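Q: Given the sequences, and given the hints that come with them, work out the whole structure.
Chains A and B are the protein sequences, given in the same order.
Take the first sequence: its position 68, counted from the start at 1, is 70 in my numbering, and no numbers get skipped.
Take the second sequence: its position 110, counted from the start at 1, is 112 in my numbering, and no numbers get skipped.
Warning: the hint list may mix true and false statements.
Pairs involving identical chains hold if they fit within one copy or between any two copies, as the list cannot separate such chains.
[Unchecked claim] Calculated pairs, DSSO-like style, for lysine-lysine (alpha carbon to alpha carbon, straight line, at most 30 Å): (1) Lys26 with Lys77; (2) Lys87 with Lys218; (3) Lys37 with Lys222; (4) Lys26 with Lys137; (5) Lys225 with Lys87.
Everything labelled a hint here was simulated from the structure, so no lab data went into it.
For clarity, every value in this text was computed on a predicted model and none was experimentally measured.
2 protein chains.
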Amino acid sequence: MTGQPPSAQTPTRALRLHGTIARKLGIAIVSGQYKPGDLLNSEIAASEQLAVSRTAYREAVRILAAKGLVDARPKVGTRINPQSKWNLLDPDVLEWTFESEPDLALLNSLFELRNMVESAAAGLAATRRSAAHLKAMRAALDGMAEYTLATPEGRQADLDFHTTLLEATDNPFIISLTSGVSAAISTTTIFKQRKRPLRRDPLPDHLRVFTAIAAKDAAKAQKAMSELIELARADTPSSRRSDRRRVE
Amino acid sequence: MTGQPPSAQTPTRALRLHGTIARKLGIAIVSGQYKPGDLLNSEIAASEQLAVSRTAYREAVRILAAKGLVDARPKVGTRINPQSKWNLLDPDVLEWTFESEPDLALLNSLFELRNMVESAAAGLAATRRSAAHLKAMRAALDGMAEYTLATPEGRQADLDFHTTLLEATDNPFIISLTSGVSAAISTTTIFKQRKRPLRRDPLPDHLRVFTAIAAKDAAKAQKAMSELIELARADTPSSRRSDRRRVE
DNA sequence: ATCGTATGATAACTCAGACAAATTGTCATT
DNA sequence: AATGACAATTTGTCTGAGTTATCATACGAT
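A: In structure tokens, the structure reads:
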């Protein structure tokens, strides 16, 4: 049990200068403003363009390089990597990707992955969950019922439910992956709330998952979770039948 | 199609100073040498301990922070994050994790995730693959047959097969995730070759996957891929435990 | 007493400028 | 034409200084 205080979840880490610049450049890269193969300006030029020291700029580039977005080499410069080298599932990269315009095709791809992993995770959780897990999940469901998804407390309860489920898989990679993904999805779908103030009640879907896990029925848990996610996907604003993927 | 020349794939990036230090510290962290909550020495102390400038050390810390391993704050220091904040699927973190001792439980967790994602990916590929994908996969199978996994060419063909399959899913997240994971797995299981010079012929398993994808049979493709991965897992020398060896 | 507010110490943060190292392209030599 | 020396360019590394954020403590007000 990671005893996490329920409150104070956003300490507002107060991005430092290098973090701000990394974020700025990162968004410019993932949004296609810079294209793979492009060279960034030289350190001196870029840093004075941004009105920061070379030190701060370099640390920003280090961050981007650590996430696979760029590659810096002497005499050549700092080059945007092809998308295949990006750490697309890095939490920051995900956030930057869905920062501005939630690309429909990309969002669907993310839901697709989430469905794969999290439904399989539900299956694992059904066989591996402890009594404590079950208790925590029930508490979360109660919280979702009391407050709704319209309140921060309700959304927290929703998050707690999924987090506990993931912890029950006892697989750190699944936890790491899915927590980041669902964080990105939830932030991108925040505005869906103000666009569709009323969404279908998610409680029955969650309850089906919970029941299956309580019964240690892996197959049923997996199916229920898959349905839950598909419903969540259907609730995203623009995911209507515009399935036409633009392929270049 | 990304026309990639089959040869000259290792530009030998030659880690820089900050990269080597980040790697060194990263390994120390993921191996448990530093524990979550611990504080690194202050920049001045740590940098002179490592006999490098503060600049290089700071850039190394920046890399680690970008991967979620640490968190640096003024007045408090640089603290090791709890494992839940680590980007466990970051390629570097994966490499560092399995660098020294391939922890059995962790390796199994990774296989578990890989099985989830890649078998589902095979199902997607069955419905989305183009004729070009099919052709490339067949060529890769031919390569595996001609050379074996005992040769670099054969292993490259194996890798090509899986890469093409992933590309056929048309889901960049799946590609990003699985390519990193299988890279980590293949590097950790390199020594399995020298330990078990003869492993079972992987060609029939691959062929089953290929046939199902060619027939656009998603369910069968998924099942075949799952079996393939389980066989690969069984081939890892994981059944051995208590491999207490002195590091460094 | 409890809460909020100055104050000070400490760590990372930012800056400027210099030099070193690596890599590419050019040019002369063979 | 191929080879090797050389110069130019860019990132890499270093040093030393000053700045800012954050925590802990003490103090004052409620």
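Q: With reference to the structure, classify each hint as holding or not holding.
A: Verification of the supplied hints:
1. Lys26 with Lys77: both (24 Å within a copy, 26 Å between copies)
2. Lys87 with Lys218: between (39 Å within a copy, 29 Å between copies)
3. Lys37 with Lys222: Classified as neither; 45 Å inside a copy, 39 Å across copies.
4. Lys26 with Lys137: Intra 43 Å, inter 41 Å, cutoff 30 Å: neither.
5. Lys225 with Lys87: So Lys225 and Lys87 pass the 30 Å test across copies only (29 Å; inside, 33 Å).
Hint check: violations occur at hints 3, 4; the rest are consistent with the structure.
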